[in-house]
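Sequences listed follow chains A and B, in order. In terms of this note's numbering, the first sequence is residues 1 to 425. In terms of this note's numbering, the second sequence is residues 1 to 405.
Hints were generated in silico from the structure; no laboratory data involved. In this text, all values refer to a predicted model and were calculated from it rather than measured experimentally. For glycine and all other residues, C-beta sits at the position ideal for the given N, C-alpha and C. Errors might be hidden in some of the hints.
[What the hints assert, rightly or not] For lysine to aspartate or glutamate, the following EDC-like pairs were computed, each having C-alpha atoms within a straight-line distance of at most 16 Å:
1) A:LYS50 <-> B:ASP187
2) B:LYS200 <-> B:GLU241
3) A:LYS45 <-> B:ASP187
[Claimed, not checked] Simulated restraints on C-beta separations:
4) A:GLU395 <-> B:ALA245: 27 to 33 Å
5) A:ALA367 <-> B:LEU252: 16 to 22 Å
6) B:HIS139 <-> A:ALA367: 16 to 22 Å
7) B:GLN239 <-> A:ASN332: 26 to 32 Å
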Amino acid sequence: MTKKSGLIKFIFFNMKGNMKKLLLFLLLAILWISCQDLNSIQAPKEFDLKNHFGQYVDTTLYPDKVTFQINERENTINGLDLCVGTYKGFRAGFLLKFVALPSIDKEIDSVSLRLKSFSQFGQPTGMQTIEVYEVDQPWKEDANTEDTWHTYQPQNLLGTYTFETTDTLTFTFPIDTAVVNRWRREDSLNYGLYIQPAGDNGSVIREFLSLENNDPTVFPRLFFKVKNDSVFVKDSLALGNDATIFDYMPQGENIFDWAKNQGDLVIGSGIGVHPLLHFPGLDSLPKNSIVQGANLILRVKDQNFITNEEKNTYDNANSSDLFYIRNLSEANTDLTVFKLDSSFTTSSNFNYQMQQQEGNLQLLSEAEQTKFGENVVQNLLNGNKKSKGFYLRYEDEVSRLSFKRLDASSIKLNIRYFRMDNPGL
Amino acid sequence: MKINKKYIWLSILVFTLSWESTFAGQSLFGISNKSLGLVRSSFSGTGLARSFETAAGDTLQINYSNYALWSDLSRPSYSVKINYAAAFGDDGVTHNYFNDIADFSGGYLVIPIMKRKLVLGMGLQPVTSMEQRIADSVHTNVKEDLLIRGGLSRVSLNISYKVLSNFGIGLGYEYNFGKILNQFHLDYSSATEMIPLKFKYEYRFYGNGLVVSTFYKPFRNFIVGAVYRPVTTINARIQAESSSAEVNKSQLKKISLPAQYSFGISYSPTDRFAFGLDLQYQDWQNEYKINDQLAGDHFQKYYRLGFGVERRQSKKLFTKFTEELDYRFGLFYGRLNQNSNGNPIKEYGVSCGLSVPIQRFRSHVDLFLNIGRRGDLDQNAYQETFINVGLSISASEIWFVNYED
């Protein structure tokens, strides 16, 4: 060992080989042992674990104000279905336009429209008749939001077709070739087709698959024969725009008014019906709380509107059983004027998914409950967000009609949190 | 002097592991409300082997307890201590609790300014430690689980001066620091699939302290030593890490650490034999306060009484290997600084060890082994049989001498 060497050098570099190895082994063993996890023990008498920091609280809040808001002008731009028919005062028709038609220099023959059926809503009986019109004015896929299309009276009837209401197969209608040729000659005249129920069978609304589906093979498709080198060959196209127009024109009692008078809530799609809830207890939760999760629970009343018979015939079995909760950043006391917290548009952390499970609407999973608790209740306690109430909607409220009754007296907001009473020292 | 980078990295490693030693515990005991952990022995490896330290004079070995005795050192000296502790516990129901921990438990560097007269030294030493995971059901399908780990350490900067040939004093500034971590989560029964709620509290301690030490040799072979640390007030910065902004607000509390008294005597009937007695005392019951309030009635007066004997190596330059070793044996008895099940916790055991020279009269490895019993099921919630084994490495060198001249 040199005169100026230090202890470290002495230990690790100048020692005899075996001792050096032994010390290194000891060092590694110490590091390994130090990283061992501990099995838990029961809290000793001198350690009051239950009150060491505070209390775990599992509480339930009840709303002081419940109502629902109706939006008859949902934007059906992303609707997965194209609906046509009438059922218990509801009416649906749809606009459909194909673009990129074959050029006019090619002769076409026998144009037909194919629609693939998704399902149907209602209690189908007898025959259903639909009319196919040529549209004579421009429209966009958000046509359902415009009043014009709810009173639209098309003039040029291209055909009337009747089906068995129970028929759920693929439907193909011939389309006037002259009309299609006119569109080909003058593209600006191509406003597409409007397909609406004829008369009022009143028993069913048929749901065809729209251009918004993921699978192009199920799209509405225009078939035609194109003359190619003096031979007609089959061709088709499925490129275009579509929009369903939903209306509610009850001949008897309005189910929404009826439900409101009954004190029930309604959640609906097609015609958007959105429950609004206010929980006064949220504002009085202790600020020093760490929220583990929260669950909003509403009981679904599977009874019919107006008749109160078992089985709600307005509840569309084809509808998704998923729903969203939105937070209200602003609202007046009776929830007639409100503003949605738009955070959900930029982050999925503010999108809370509910599902109908065992007769209740509630948050889909424990993960959703945690997300809801942390991002709504915790943010409210932290002063990062306001929560003036909640707004519920179908996850897909633009594809098809469906209406559920909710028992307003059953609504509860379960919140689980840990109230921190002291810092533990 | 050109410094090899390897030394720097190794020094950093040793320092880091020494810091990590504050996150260590080795017992079922020490977990109570507002606990800072169990008091750790401030003995060197040799002290742990013979069970006394306060009056142990040595011209080579750094005394970890009584800094006044550093004035006997004639050369710059270093010492580091490595410790492994294991405890086999029993709570009357479960008989096979096992806790163990390994750490670097301190080290010192001492530099004589005036040979055997005035010595400057510094070091790092753990003061308290704990580590345990506790769990309890608090609600249907809900269980609280808390991991507690950490403790206090201190860095000392001390000057020792031999006023007379048989009397010396030491005065030291100490910086107390440490961290205790509480990691909490609520566990739910597997059926609920609920996501655990988690939060963390970190208590960071820091504050200045003072230590006064002395020794007196009324006879050539008799040493009396004493150490006094007055009540020390340190800060505890409390910081939570949770989803709650209110909870996360930082807090500051004043912590009063009890005064520490150490007293020891040693007697050497011959050059190679020494007997010693040691007593350490701290009143955690009446002096451990948080914001001027007593921390709780479950804290106790801590004491540790040790008695031991030492047979030192032969001073002959050439002798058989067994004569080159130091042999030590001791007994200790004490009371921990907090109660268990409402009663004081007694601790007693035997100690032994030996020093193996690496370079005779310059450097040695001190091995120590403590075996003992802690707690009693008739009085306490647990009882433990523990072993404490480790080593300290001590070396002295000549610095500041230019041999080439």
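Right, here's what the structure says about each hint:
Our distance criterion of 16 Å between C-alpha atoms is met by LYS50 (chain A) and ASP187 (chain B), whose separation comes to about 13 Å. Among the hinted pairs, LYS200 (chain B) with GLU241 (chain B) is consistent with the structure: their alpha-carbon atoms are about 5 Å apart, no more than 16 Å. Distance check on the hinted pair: LYS45 (chain A) and ASP187 (chain B) sit about 21 Å apart at the alpha-carbon level, beyond 16 Å; violated. The hinted window of 27 to 33 Å between GLU395 (chain A) and ALA245 (chain B) holds, with their beta carbons roughly 31 Å apart.
Here the CB-CB span from ALA367 (chain A) to LEU252 (chain B) is close to 37 Å, at odds with the stated 16 to 22 Å. Taking the beta carbon of each, HIS139 (chain B) and ALA367 (chain A) are about 20 Å apart, inside 16 to 22 Å as hinted. Range check, GLN239 (chain B) to ASN332 (chain A): about 41 Å between beta-carbon atoms, so the 26 to 32 Å window is missed.
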